[in-house]
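Enquirer: Chain residues, written in single-letter form:
Number of protein chains: 2
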Amino acid sequence: MTEQDVIEYVQKKLDIFEQNAELECREIGDGNLNYVFRVVDQNSGQSVIIKQAGPVARISDAFKVSPDRNRIESEALKLQGELAPGFVPKVYSYDPIMNCCVMDDLSDHEIMRTALLKHKKFPLFADHITTFLVNTLLLTSDAVIDHKEKKALVQKFTNPELCEITEDLVYTEPFYDCEQNDVFPETREFIREEIWNDSKLALETAKLKFDFMTKAQSLLHGDLHTGSIFIKEDSTKIIDPEFAFYGPAGFDIGNVIANLIFAYVNASFTIEDQETKEDYLQYIQQTISDVIELFTKKFLHAWDENIKERTASAPSFKEWYLNSILEDASAAAGLELCRRIIGIAHVKDITSIENKESRALAEKICLTAGKTFILERANIRTGDDFVNVLLQSVRKFIEGEKFYDSSKSHSICTTG
Amino acid sequence: MTEQDVIEYVQKKLDIFEQNAELECREIGDGNLNYVFRVVDQNSGQSVIIKQAGPVARISDAFKVSPDRNRIESEALKLQGELAPGFVPKVYSYDPIMNCCVMDDLSDHEIMRTALLKHKKFPLFADHITTFLVNTLLLTSDAVIDHKEKKALVQKFTNPELCEITEDLVYTEPFYDCEQNDVFPETREFIREEIWNDSKLALETAKLKFDFMTKAQSLLHGDLHTGSIFIKEDSTKIIDPEFAFYGPAGFDIGNVIANLIFAYVNASFTIEDQETKEDYLQYIQQTISDVIELFTKKFLHAWDENIKERTASAPSFKEWYLNSILEDASAAAGLELCRRIIGIAHVKDITSIENKESRALAEKICLTAGKTFILERANIRTGDDFVNVLLQSVRKFIEGEKFYDSSKSHSICTTG
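Same order as they appear, the protein sequences are chains S and P.
Take the first sequence: its position 408, counted from the start at 1, is 408 in the UniProt record's numbering, and no numbers get skipped.
Take the second sequence: its position 232, counted from the start at 1, is 232 in the UniProt record's numbering, and no numbers get skipped.
No lab work stands behind these hints, which were simulated from the structure alone.
Careful: at least some of the hints might be erroneous.
Identical copies look the same in the list; a pair holds intra-copy or inter-copy alike.
Straight-line C-alpha distance at most 27 Å; calculated DSS-like pairs for lysine-lysine [stated by the list, open to error]:
#, residue 1, residue 2
1, Lys-200, Lys-297
2, Lys-90, Lys-318
3, Lys-308, Lys-200
4, Lys-232, Lys-13
5, Lys-148, Lys-64
6, Lys-364, Lys-232
7, Lys-308, Lys-297
8, Lys-308, Lys-13
9, Lys-148, Lys-78
10, Lys-121, Lys-13
11, Lys-78, Lys-90
12, Lys-156, Lys-207
13, Lys-118, Lys-12
14, Lys-364, Lys-13
15, Lys-277, Lys-232
16, Lys-356, Lys-297
17, Lys-207, Lys-318
18, Lys-308, Lys-207
19, Lys-396, Lys-277
20, Lys-64, Lys-156
21, Lys-78, Lys-364
Only a predicted model underlies this, so the values are computations on that prediction, with no experimental measurement involved.
Using the sequences and the accompanying hints, generate a full structural model.
Expert: Rendered as structure tokens:
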């Protein structure tokens, strides 16, 4: 659709705006796959977002992706909105003919990655994201919902094309010298040595890829990086679940952690004032730790409240189940850290570090942490464990860097 | 359909018999769910089987089961027939309106459970069943087929109602004092002590149930006991895959092993002549060992021939993958051994042991082996390992019983 088409579509098909609305439309998306339009009524100021998926990618006609992803996205948003009210945009309509859906305009929010790069703080984020994670992950699992209903959801959210993108870009290409990788020249030797030549890492990432393809545990967002989060001081909205499918619950958690680590590493190299830097690093560390600790706390609480599967009440099962999620979260954090450095899709947190030497150092820190998260995943369980992997990786490359002192950190684990 | 309806159906809808055929039909099924008819042309002797699934179970109108199981069965038979030619009956047609499918008449074969209870030997069985297992399990997995194609198969073989039966009858009810269980009074105290009061067993069976519900690894037969196998000296046909779905590959293997163990235990208590008994027990032991060893050998060979997934060629991945299948096989053998003793669906191998004391002993042997297969599954890998669990369980209850001497057993692992 063109901008004019969108205005006509909204006037004809939707019951959202007043009769006398004076609609204006602008394409605001800059993603790879979809077209995103914002429609505003100049009279009332009211606005909506229209997202359309074509049969080919926005960036190239040669790249075909099924527009079915638009169905997946709107159905995932609807379900996530029921399970975690207030944490996703409201969907007004989904049109399977035009492959588009109409949803809340979140222009008063900001993309979280951009905000973190400006070194903004969001003290409620850990609380918000963990409510979203626990509610969408646990409440879609066999531990809670009827098993036949769950199997119907697995069918509905079967997402072969977008899963294939993840299988290739996250689980495969970064771990060998693949032509499609986009490696920063200053880091190439390190990658060859530490990643591509490590046969243990090849084995473990293969196991994880098969887990990703076979473990239908929870309805995942599937692409939960800080670019998929709209945020402002008192509100967190998780958008773009077009990669949604049934997979290992830890995947979403690990992606959040890894992208907080990218923000941490960016801040380490870009904030000049030492005091400001330390303060911001401490904030990100605390957020990483809180995401894990609050997830754990809320998960255990929600488990006791919601569990319906009889066998799941066996002694120690709850702890075993949670631990396996945290193990998968560690692995997913490691995969995301590696693939954003080595693979085709980079993050601005790292690419915006202008000094070549600093960028190479930043990349080595991410890769070292990533590898540790993958290989040591069975022993990484607590907020401190996750933070310590980051700090030990930093310490390997930056001398004298301050470390996380968990005794000093105030617990915000009383919320939610 | 009545027998007369079936004759009319065959004459009108099928192109199998000659024009002058003189058809006779008889309902031959005695299963719980479906109607099975045999239609014979009195002139030519040619015959087919027609299997119809109603919206309610054959044994009770009150028990509703979706006739979609007939679609699952015929599609599974078609796919298994392509992957493992000669090991399943040929399907001539499937009719989604009448919920019936027409297939090869295997009346020259015998149900394997019945044959084993007559102490017949089938020296080719281990070779046949392992070809079937390797071909249907490995060649439907992400290791071999395109991942998008596999996801389409997972959708097609989503089987909520029949999976629920297994989830309840195999993974849940046997492991607590459930009203629906059907416990032999002489074994009840042992079951309470050894099974229901064992919290470690409750934990491990809960883990296994979640694996069963979430691990979409391979297209399973889903109910591969010796009552689902038609056999004669030179031919093995696996029938009734209405429970087919994507699950942990080891499930089918474990069910085969457990049902061989039932035959072993039956023979231990029913063959009177000592020499005949020892000879038959030795045959069953050897078959159990051969199933595992031949599966392993053929699996590794088929892996090298067929593997398409890049990451699966990581060093040691093949061995890790095989070991995890064997671990799941051990668990599934244990579950089947327990549920056939405790749960609602017994096996004739055990119920036909008339002497009460002998039957109680037989049940305790099965339960002891079953529990060991579940709890020790991580260490059970070879044919000898599987046989030793059986023999150690026998030794606990029968003094002086001869043991498997693997040094004496001749390897038949050179076939296939």
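Enquirer: Now look at each hint and say whether the structure bears it out.
Expert: We went through each hint and held it up to the structure:
1. Taking the shortest alpha-carbon separations for Lys-200 and Lys-297, only the inter-copy value of 25 Å comes in at or below 27 Å, while the best intra-copy value is 33 Å.
2. In the homo-oligomer, the alpha carbons of Lys-90 and Lys-318 never lie at most 27 Å apart, since the shortest distance is 33 Å inside one protomer and 46 Å across protomers.
3. In this assembly of identical chains, the alpha carbons of Lys-308 and Lys-200 lie at most 27 Å apart only when taken from different copies (20 Å versus 39 Å within one copy).
4. Taking CA atoms no more than 27 Å apart as the test, Lys-232 paired with Lys-13 passes in neither setting, with 31 Å inside one copy and 67 Å between copies.
5. Taking the closest pair of Cα atoms, Lys-148 and Lys-64 come within 27 Å of each other only across two copies (15 Å); inside a single copy the shortest separation is 33 Å, beyond that limit.
6. In this homomeric assembly, Lys-364 and Lys-232 never come within 27 Å of each other (Cα to Cα): the closest approach is 31 Å inside a single copy and 64 Å across copies.
7. In this homomeric assembly, Lys-308 and Lys-297 come within 27 Å of each other (Cα to Cα) only inside a single copy, at 19 Å, whereas the closest approach across copies is 42 Å.
8. When the C-alpha separation of Lys-308 and Lys-13 is checked against a cutoff of 27 Å, the pair qualifies neither within a copy, at 41 Å, nor between copies, at 47 Å.
9. Taking the shortest alpha-carbon separations for Lys-148 and Lys-78, both the intra-copy value of 20 Å and the inter-copy value of 25 Å come in at or below 27 Å.
10. Taking identical chains as interchangeable, the C-alpha atoms of Lys-121 and Lys-13 are never at most 27 Å apart, the minima being 40 Å within one chain and 72 Å between chains.
11. Taking CA atoms no more than 27 Å apart as the test, Lys-78 paired with Lys-90 passes inside one copy only; the shortest distance there is 8 Å, against 45 Å between copies.
12. With identical chains, the CA atoms of Lys-156 and Lys-207 are at most 27 Å apart both within one copy (26 Å) and between copies (25 Å).
13. In the homo-oligomer, the alpha carbons of Lys-118 and Lys-12 never lie at most 27 Å apart, since the shortest distance is 41 Å inside one protomer and 76 Å across protomers.
14. Within a single copy, Lys-364 and Lys-13 get their C-alpha atoms no closer than 52 Å, and across copies no closer than 69 Å, so neither meets the 27 Å cut-off.
15. For a Cα distance limit of 27 Å, the shortest separation of Lys-277 from Lys-232 inside one copy, 21 Å, qualifies, whereas the shortest one across copies, 78 Å, does not.
16. For a Cα distance limit of 27 Å, the shortest separation of Lys-356 from Lys-297 qualifies neither inside one copy, at 41 Å, nor across copies, at 52 Å.
17. Taking identical chains as interchangeable, the C-alpha atoms of Lys-207 and Lys-318 lie at most 27 Å apart whether they share a chain (24 Å) or sit on different chains (10 Å).
18. In this assembly of identical chains, Lys-308 and Lys-207 lie within 27 Å of each other by CA distance solely across copies; the values are 15 Å between and 30 Å within a copy.
19. Within a single copy, Lys-396 and Lys-277 get their C-alpha atoms as close as 19 Å, which meets the 27 Å cut-off; across copies the closest is 68 Å, which misses it.
20. When the C-alpha separation of Lys-64 and Lys-156 is checked against a cutoff of 27 Å, the pair qualifies both within a copy, at 21 Å, and between copies, at 24 Å.
21. When the C-alpha separation of Lys-78 and Lys-364 is checked against a cutoff of 27 Å, the pair qualifies neither within a copy, at 40 Å, nor between copies, at 52 Å.
Violated hints, in rising order: 2, 4, 6, 8, 10, 13, 14, 16, 21; the structure is consistent with all others.
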